[in-house]
Amino acid sequence: MIWTIVKKEFLNNIITPGFIVGLALCLVLIPYTIYTGIRTYENRLAQHETATKHADDIYQKSQVYAQVNPLVVKPVSPLSIFSKGITEQTGLCVELDRKEKPVFSSEIVLLNENPFMGNFMSLDFTAALTILLSLLGVLFSYDMLSHEKEQGTLKLSLSNSVSRSTFFFGKIAGIFLTLLPILIICFLIIFLIIQFTPSVRFSASDYGRILMLALMSLVYFAFFVFLGGFISSHTKSSTLSIIINLFIWCFLLFLLPNAAAYLGKNITKVEDYKQLAFNTQQIDNEFFNKRDEIQKTLTEEGFQFVGYNFCAGWDWDGGNMILFTPRSTMEYERRQKEIVNPLLLANCDRKWVLQQDYLQQVYRQEKTVRYLSCLSPAEIFKQVSASLCHTGMESEVDFMNRVRTFQDMYYGYFVQSGIYSSYAYFTPQKESEIPETIEEGNTQASAWRKIAKPESTFDFKSFGYLDTSALPRFAYTQPALAKDLQSQLFLLAGIIIVCILLFWFSFVSFIKYDVR
Amino acid sequence: MLYGNFTARQNLDFFAKLGGKTRLTKADYYALLRKVGLQDEAFEKKLKTFSKGMRQKVGLAIALAKDADNMLLDEPTSGLDPQAAAELVALLKEQKREGKAILMCTHDIFRAKELADEVGIMKQGHMVKRLTRKEFLEEDMEKLYLEYIGQHDLMN
Numbered sequence: 001m002i003w004t005i006v007k008k009e010f011l012n013n014i015i016t017p018g019f020i021v022g023l024a025l026c027l028v029l030i031p032y033t034i035y036t037g038i039r040t041y042e043n044r045l046a047q048h049e050t051a052t053k054h055a056d057d058i059y060q061k062s063q064v065y066a067q068v069n070p071l072v073v074k075p076v077s078p079l080s081i082f083s084k085g086i087t088e089q090t091g092l093c094v095e096l097d098r099k100e101k102p103v104f105s106s107e108i109v110l111l112n113e114n115p116f117m118g119n120f121m122s123l124d125f126t127a128a129l130t131i132l133l134s135l136l137g138v139l140f141s142y143d144m145l146s147h148e149k150e151q152g153t154l155k156l157s158l159s160n161s162v163s164r165s166t167f168f169f170g171k172i173a174g175i176f177l178t179l180l181p182i183l184i185i186c187f188l189i190i191f192l193i194i195q196f197t198p199s200v201r202f203s204a205s206d207y208g209r210i211l212m213l214a215l216m217s218l219v220y221f222a223f224f225v226f227l228g229g230f231i232s233s234h235t236k237s238s239t240l241s242i243i244i245n246l247f248i249w250c251f252l253l254f255l256l257p258n259a260a261a262y263l264g265k266n267i268t269k270v271e272d273y274k275q276l277a278f279n280t281q282q283i284d285n286e287f288f289n290k291r292d293e294i295q296k297t298l299t300e301e302g303f304q305f306v307g308y309n310f311c312a313g314w315d316w317d318g319g320n321m322i323l324f325t326p327r328s329t330m331e332y333e334r335r336q337k338e339i340v341n342p343l344l345l346a347n348c349d350r351k352w353v354l355q356q357d358y359l360q361q362v363y364r365q366e367k368t369v370r371y372l373s374c375l376s377p378a379e380i381f382k383q384v385s386a387s388l389c390h391t392g393m394e395s396e397v398d399f400m401n402r403v404r405t406f407q408d409m410y411y412g413y414f415v416q417s418g419i420y421s422s423y424a425y426f427t428p429q430k431e432s433e434i435p436e437t438i439e440e441g442n443t444q445a446s447a448w449r450k451i452a453k454p455e456s457t458f459d460f461k462s463f464g465y466l467d468t469s470a471l472p473r474f475a476y477t478q479p480a481l482a483k484d485l486q487s488q489l490f491l492l493a494g495i496i497i498v499c500i501l502l503f504w505f506s507f508v509s510f511i512k513y514d515v516r
Numbered sequence: 517m518l519y520g521n522f523t524a525r526q527n528l529d530f531f532a533k534l535g536g537k538t539r540l541t542k543a544d545y546y547a548l549l550r551k552v553g554l555q556d557e558a559f560e561k562k563l564k565t566f567s568k569g570m571r572q573k574v575g576l577a578i579a580l581a582k583d584a585d586n587m588l589l590d591e592p593t594s595g596l597d598p599q600a601a602a603e604l605v606a607l608l609k610e611q612k613r614e615g616k617a618i619l620m621c622t623h624d625i626f627r628a629k630e631l632a633d634e635v636g637i638m639k640q641g642h643m644v645k646r647l648t649r650k651e652f653l654e655e656d657m658e659k660l661y662l663e664y665i666g667q668h669d670l671m672n
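Protein chains in written order, with this note's numbering: chain A, 1 to 516; chain B, 517 to 672.
Don't take every hint at face value.
To be verified - Quick list of in silico lysine-lysine cross-link-like pairs, BS3-like style, CA-CA up to 25 Å:
hint: 1; chain 1: B; residue 1: K562; chain 2: B; residue 2: K612
hint: 2; chain 1: B; residue 1: K616; chain 2: A; residue 2: K155
hint: 3; chain 1: B; residue 1: K564; chain 2: A; residue 2: K7
hint: 4; chain 1: B; residue 1: K582; chain 2: A; residue 2: K236
hint: 5; chain 1: B; residue 1: K645; chain 2: A; residue 2: K155
hint: 6; chain 1: A; residue 1: K7; chain 2: B; residue 2: K582
hint: 7; chain 1: A; residue 1: K155; chain 2: A; residue 2: K274
hint: 8; chain 1: A; residue 1: K155; chain 2: B; residue 2: K537
hint: 9; chain 1: A; residue 1: K155; chain 2: B; residue 2: K650
hint: 10; chain 1: A; residue 1: K236; chain 2: A; residue 2: K101
hint: 11; chain 1: B; residue 1: K616; chain 2: A; residue 2: K290
hint: 12; chain 1: A; residue 1: K7; chain 2: B; residue 2: K561
hint: 13; chain 1: B; residue 1: K562; chain 2: B; residue 2: K616
hint: 14; chain 1: A; residue 1: K61; chain 2: A; residue 2: K7
hint: 15; chain 1: A; residue 1: K7; chain 2: B; residue 2: K612
hint: 16; chain 1: A; residue 1: K7; chain 2: B; residue 2: K562
hint: 17; chain 1: A; residue 1: K236; chain 2: B; residue 2: K612
hint: 18; chain 1: A; residue 1: K155; chain 2: B; residue 2: K582
hint: 19; chain 1: B; residue 1: K537; chain 2: B; residue 2: K561
hint: 20; chain 1: B; residue 1: K645; chain 2: A; residue 2: K7
hint: 21; chain 1: A; residue 1: K155; chain 2: B; residue 2: K629
hint: 22; chain 1: B; residue 1: K542; chain 2: B; residue 2: K564
No lab work stands behind these hints, which were simulated from the structure alone.
Predicted model, so just to flag it, every value in this text is computed and none were measured.
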């Protein structure tokens with residue numbers, strides 16, 4: 001019996017203008033969003049490769065430890081073709097610096113990227129699905145009962161020995177079955193596009209996430225079907241039902257998320273970043289005072305700075321790469337770096353307390369907006385999808401937390417292994433090769449130029465590169481599916497509970513529905 | 517009363533199955549549609565293209581398909597042309613001969629007189645007069661009807 005109703009509902013729906021328009025929109029929007037998603041992914045992949053090469057060069061082509069400030073590169077997930085999430089607002093790389101902990105990742109800006117293009121609408125697969133699924137859900141269900149009542153078929157159907165619950169379940173199942181051809185066609189198109197794109201390859205875990213995304217899509221679709229069913233069972237005409245449905249659809253998809261963002265920003269304020277920069281500057285000023293005192297003490301202790309013969313780069317602890325410079329300056333530099341760098345790391349920790357406070361404010365604001373926008377199923381769908389595709393806020397926060405942990409470990413290693421106390425930290429010359437006077441340094445430099453024939457002033461290849469094999473390396477693995485789901489559990493549970501409630505209310509309303 | 521996007525045969529199939537007749541074939545549906553006087557070329561046409569008379573015929577075919585002992589008909593001849601109405605009454609007569617009970621509400625006194633064994637006159641939801649076939653054949657039905665619904669002045 002139920003199959004008869006399911007089949008009728010399916011056949012009746014697939015010839016409606018709603019289905020045809022929905023299918024046509026899917027056939028246009030899905031391939032388009034997947035194609036643009038792939039292009040963006042390939043672009044980011046190219047950026048990732050460039051950044052990774054640069055990061056490797058830092059380890060492989062540095063001549064002193066002071067130059068080895070690692071560049072940490074965030075992996076690009078192929079799942080980002082489905083959801084851009086916050087990838088356009090965040091970057092791929094973080095350049096570590098012992099003076100300050102990174103707050104956000106930075107972007108490598110390609111020269112061919114036009115910054116003014118950000119003004120135009122950009123749609124990804126998830127955003128397209130958010131609109132399409134909800135619209136189809138509404139179009140398939142708004143007249144679920146009211147239209148049957150209008151044309152008298154409800155009366156005729158229920159005059160048979162079919163129970164109201166069987167009729168209701170049959171209609172719901174029929175609506176879900178109607179979505180099936182659209183889903184099959186869409187996934188077939190996606191599969192074909194991906195098959196012909198060698199740069200996109202998914203792992204087994206990625207397929208698990210795609211499956212979760214498909215299930216989430218069904219839950220999201222169900223929400224609008226049950227909502228349509230509920231409204232349909234409370235209205236006597238299909239016209240009134242579609243008006244109410246479309247109003248709620250617009251409210252949930254467009255008005256509520258924007259209102260939530262506006263309200264959230266006003267409820268939870270974030271201090272001005274300039275204020276944070278000013279406060280951290282105060283801490284830096286205290287550091288500079290201490291450093292000046294250290295330099296004074298060093299001179300008093302008999303360490304003499306007689307000038308550099310060659311110094312490439314400058315940092316808060318003195319020269320970065322010093323060559324052909326008299327021993328007294330080199331010893332002064334070594335001692336200064338030995339004392340100043342632990343102080344610099346402590347200074348970095350002090351600033352981090354302020355930065356952390358700022359970050360907490362940013363997180364709190366995001367949470368407020370997120371919880372407010374969770375009144376909209378479209379926002380829940382977007383957030384869960386972004387989380388599943390490694391493009392959500394959790395992914396960025398997790399990455400940055402690991403980067404900061406790595407930074408602590410990396411510079412901690414420099415302290416523990418005495419790198420800051422060594423000559424190798426700032427000169428590629430062996431201790432025994434360091435000249436005693438400026439004149440000797442000059443002679444050494446002239447002799448070196450004749451033998452090494454450098455291509456430029458800063459070409460010191462002949463000194464060889466540093467062996468960095470013992471230095472810590474950053475390795476990042478994306479969080480497991482379970483962890484991502486755990487963070488979205490609250491949202492998932494919320495939308496599923498609302499779906500069940502809507503289903504129950506529409507079912508009860510139909511049971512009590514006056515068919516006369 | 518029926519699904520406009522479905523053909524006559526699809527409507528018949530759906531409602532027959534809801535009525536528990538799951539083993540009927542396409543040929544059976546066609547036979548039923550022929551029985552109610554629908555032209556063959558209309559069997560696989562969408563109902564939204566049908567006239568009211570054609571729809572009434574499909575509705576009747578559904579009732580026949582269910583093979584119900586009792587039939588409730590609400591204004592079956594309204595909006596039908598004289599020929600279609602005559603065909604419908606002929607079909608109902610056949611059902612009557614086969615022993616089916618038919619309860620029909622209508623404003624068509626002449627068709628009622630032609631078909632009914634018993635006639636009841638309703639006024640504001642209440643039956644105000646009930647007549648057997650013998651009684652109403654002896655009476656002027658139209659006059660009787662107008663008397664009971666309070667418009668007998670018109671007759672004068």
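Hint-by-hint comparison with the structure:
With a C-alpha separation of about 30 Å, the suggested pair K562 (chain B) and K612 (chain B) falls outside the 25 Å cut-off, and the hint is violated. Under the criterion of a C-alpha separation no larger than 25 Å, the hint pairing K616 (chain B) with K155 (chain A) is consistent with the structure, at around 22 Å. Proposed proximity of K564 (chain B) and K7 (chain A) is supported: the alpha carbons are some 20 Å apart, at most 25 Å. Annotation: proposed proximity of K582 (chain B) to K236 (chain A) is violated, straight-line Cα distance about 29 Å (limit 25 Å).
Between K645 (chain B) and K155 (chain A) the CA atoms are separated by roughly 29 Å; this puts the pair beyond 25 Å, and the hint is violated. A C-alpha spacing of about 20 Å is found between K7 (chain A) and K582 (chain B), which places the hinted pair at or below 25 Å, so the restraint holds. Proposed proximity of K155 (chain A) and K274 (chain A) is contradicted: the alpha carbons are some 69 Å apart, above 25 Å. Our distance criterion of 25 Å between C-alpha atoms is met by K155 (chain A) and K537 (chain B), whose separation comes to about 19 Å.
Restraint check for K155 (chain A) and K650 (chain B): not satisfied, since their Cα atoms lie roughly 35 Å apart, outside the 25 Å limit. Of the supplied pair hints, the one linking K236 (chain A) and K101 (chain A) is violated, its CA atoms being roughly 62 Å apart against a limit of 25 Å. A threshold of 25 Å between alpha carbons decides the hint, and for K616 (chain B) with K290 (chain A) the separation of about 109 Å lies outside it, so the pair is violated. For the suggested pair K7 (chain A) and K561 (chain B), the alpha carbons sit about 19 Å apart, so the restraint of at most 25 Å is met.
With a C-alpha separation of about 30 Å, the suggested pairing of K562 (chain B) with K616 (chain B) is violated against the 25 Å cut-off. A hinted pair counts as satisfied when its Cα atoms are at most 25 Å apart, and K61 (chain A) with K7 (chain A) does not qualify at roughly 69 Å. A C-alpha spacing of about 34 Å is found between K7 (chain A) and K612 (chain B), which places the hinted pair above 25 Å, so the restraint is violated. Restraint check for K7 (chain A) and K562 (chain B): the C-alpha separation of about 17 Å stays at or below 25 Å, so the hint holds.
About 37 Å separates the Cα atoms of K236 (chain A) and K612 (chain B), which puts this hinted pair outside 25 Å; it is violated. For the hint linking K155 (chain A) to K582 (chain B), the alpha-carbon distance of about 16 Å falls within 25 Å, and the restraint holds. Annotation: proposed proximity of K537 (chain B) to K561 (chain B) holds, straight-line Cα distance about 22 Å (limit 25 Å). Using a Cα cut-off of 25 Å, the hinted pair K645 (chain B) and K7 (chain A) is violated, with the two alpha carbons roughly 47 Å apart.
A hinted pair counts as satisfied when its Cα atoms are at most 25 Å apart, and K155 (chain A) with K629 (chain B) does not qualify at roughly 29 Å. The straight-line distance between the Cα atoms of K542 (chain B) and K564 (chain B) is roughly 21 Å, inside the 25 Å bound, and the hint therefore holds.
Violated hints for the displayed structure, listed by number in ascending order: 1, 4, 5, 7, 9, 10, 11, 13, 14, 15, 17, 20 and 21.
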